[in-house]
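Q: Dock chain B against the given chain A, drawing on the hints supplied.
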Amino acid sequence: MILAQQLLLGLLIGGLYGLAAAGLSLVFGVMRVLNVAHGELIMLGGYGAFWLAALLGVDPFASLALVIPGALLLGAILYWGLFGFVVRAHEETRVKNSLLIGFGLALALHALAVRLWTADERSIPTSYGGAVLSVGELSIPLVRLATLVLALLLIGALQLLLSRWRWGKAIRATAEDWQAALLTGIDIRRAYLLAFALGTALAGAAGTLVTVAYSVSPSIGLEWTLKALIVVVLAGLGSMMGTFVGGLVLGLAEAASAATFGGPYREIVGLVIFVVVLTVRPRGLFGR
Amino acid sequence: MLEIRGLEAGYGDVPVLSGVTLAVGAGEIVALLGPNGAGKSTLLNCVAGLVRPPRRGRWAGTIRWDSQDLRALDAHLIVQRGVALVPEGRRLFGGMSVQENLELGAFAPRAWAGRRAALERVYTLFPVLAERRRTAVQALSGGQQQMVAVGRALMASPRLLMLDEPSLGLAPRLVAAILEALVAINRDGVAIFLVEQNVPAALSLAHRGYLLEGGRIVGEGSGAGLMANEHVRRAYLGPLAVRR
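For the protein sequence lines, the chains are A and B, in the order given.
Okay, so the first sequence: first residue is 116 according to the working numbering, each after it adds one.
Okay, so the second sequence: first residue is 571 according to the working numbering, each after it adds one.
The hints are simulated quantities; they were obtained by calculation from the structure and are not laboratory data.
All C-beta atoms in this analysis are idealised placements derived from N, C-alpha and C, irrespective of residue type, glycine included.
It cannot be assumed that every hint is accurate.
Said to hold, decoys possible - Chain B stretches covered by chain A per the calculated footprint, using a threshold of three residues with CB under 8 angstroms from any CB of chain A:
#, region
1, 613-624
2, 645-659
3, 663-670
Said to hold, decoys possible - Listing some non-contacts, in silico: residues in chain B with all C-beta distances to chain A over 12 angstroms:
#, residue
4, Gly580
5, Thr591
6, Leu592
7, Arg628
8, Ala630
9, Asp636
10, Leu695
11, Ala709
12, Arg722
13, Arg729
14, Ala741
15, Leu744
16, Ile748
17, Gly759
18, Ser774
19, Ala794
Pulled out of the complex, with its shape left as it was, chain A reads as follows (with noise of 0.2 angstroms):
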């Protein structure tokens, strides 16, 4: 395979890191709270998609319109019962606290995706799956780019949301500064609640997708984590569509360091971002 094939297939599932980062991010920025868990979430998403498509019959991009709200649903269930003990405790403690909180949640998670839908790879076979386009000597398989630009949208949509809505704003503010935010009248928590409920959103979206351009598993959500967690750090907080860039960069590291080195050294390579990113520019690519 010709190195531009590969780094055009990184920079496709560049897209999805971006997505899945994203919802981490928003939960990190606005809570201080670090989601291990958002690997699950994505997870758990692509097995909506999944049961939507066996059960139901429905289209793995239509199924969008049903995860989302679900996810979002999820995710407010999730924050009532879990998350929002966490934000009550002081801002240094919150971080351990979440992380304990978010690994038992995995194992929930992973041993309930199990017991589901076992533990075999599954993927939605779709009649336009195999769809090529080619553009000289590069394919691309449509199903992933629409992967890459839908991520793109959602992001946008998320940004606007953000910028645009009364508590969108609401949101931005409290990560900004809490106390400030509740001189203005802000309910924190509610602001807390809406961050969490989208971060979930954003996951749902990006397992849906993942799922119809990859494979899903119980065991995929560490990996996603992973990935999300050093996007988050290369791209730093408070910027969606810089996320979304830092998930293609990701994207494209991975499979230039895959073509270079071969593919073990694959998942190398965004560690080694992690370990630079924080020590040369620990607020990231374009945090603020």
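A: What follows is chain B alone, placed relative to chain A:
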């Protein structure tokens, strides 16, 4: 009217206020004076709901606003009841524009409905902000930022405006501009509770004042009365003022 009785408060096990009693009447300008660490900011933050008792703990004393106990309310609900705070250090949303900061000040549902009129009032009070409404606040000068901070609190249409050191770090000309604005705000019927290090400036506009030292009220009086008070002159105006 704000009525504080026997208020005790602190951070963790460290007591800061011990038995503070004071009142701010409707339409009054009241200054709270005192040295660093006396508990002035803590007092304002208690009223605004930012400083709260530890989870299972209780503090003695009451904070009443129109006979309602503010200590039972979350901070965002206190703003909705008409008590706004301009916090120390301004605490603006730096990445947002002047107008976005101001509009967020009217976030509470009732204030939101009247935000356009409130915005016009703020722009009339501080015309320079109208010119820079699209500018990110972090690009403004300190004085303009303080105007945004005051304006943001006004957007909630408060009946009591509390300010924590609004003149801190500002050039004298800008201090005068801020204080003039406070007088104009007061003329519209808004009570003002002002914490200030700049004692002459504060007492020049305050109807009454309190002295807070070591977490206790150690003196009170009219603005002119405190200005003439020997202790105030020695402690807050320095030896030059005493000799004069």
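Q: Ile748/B: least C-beta distance to chain A exceeds 12 angstroms?
A: holds (18 angstroms)
Q: When I compare C-beta atoms, does the region 645-659 of chain B have three or more residues closer than 8 angstroms to chain A?
A: This one holds; 7 residues, not fewer than the three required, reach chain A with a Cβ under 8 angstroms.
Q: Measuring Cβ to Cβ, find out whether Leu592/B lies farther than 12 angstroms from everything in chain A.
A: holds (21 angstroms)
Q: Against chain A, does Ala630/B hold up as non-interface, every C-beta pair farther apart than 12 angstroms?
A: Holds, since 24 angstroms exceeds 12 angstroms.
Q: Hey, is Ala709/B genuinely clear of chain A, shortest beta carbon separation above 12 angstroms?
A: holds (14 angstroms)
Q: Three residues minimum, CB to CB under 8 angstroms: does the region 663-670 of chain B make the cut for coverage by chain A? Let me know.
A: holds (count 5)
Q: Taking 8 angstroms as the C-beta cutoff, is the stated coverage of the region 613-624 of chain B by chain A satisfied by three or more residues?
A: Since three or more residues must qualify, the claim that chain A covers the region 613-624 of chain B holds, with 3 doing so at under 8 angstroms.
Q: The output says Gly759/B does not contact chain A. Does that hold with a beta carbon cutoff of 12 angstroms?
A: About 20 angstroms separates Gly759/B from the closest Cβ of chain A, which puts it past 12 angstroms; holds.
Q: If we take the beta carbon of Arg722/B, is the closest beta carbon in chain A still more than 12 angstroms away?
A: Non-interface label on Arg722/B violated, nearest chain A Cβ at 6 angstroms vs cutoff 12 angstroms.
Q: Beyond 12 angstroms from every chain A Cβ: check whether that's true for Thr591/B.
A: Non-interface label stands for Thr591/B: nearest chain A Cβ at 25 angstroms, farther than 12 angstroms.
Q: Decide, holds or violated, for the assertion that all CB atoms of chain A are farther than 12 angstroms from the CB of Arg729/B.
A: holds (14 angstroms)
Q: Can we confirm that no CB of chain A comes within 12 angstroms of the CB of Ala741/B?
A: The claim holds: Ala741/B sits with its nearest Cβ about 24 angstroms from chain A, beyond 12 angstroms.
Hint 12 from the earlier list is the only one contradicted by this structure; the remaining hints agree with it.
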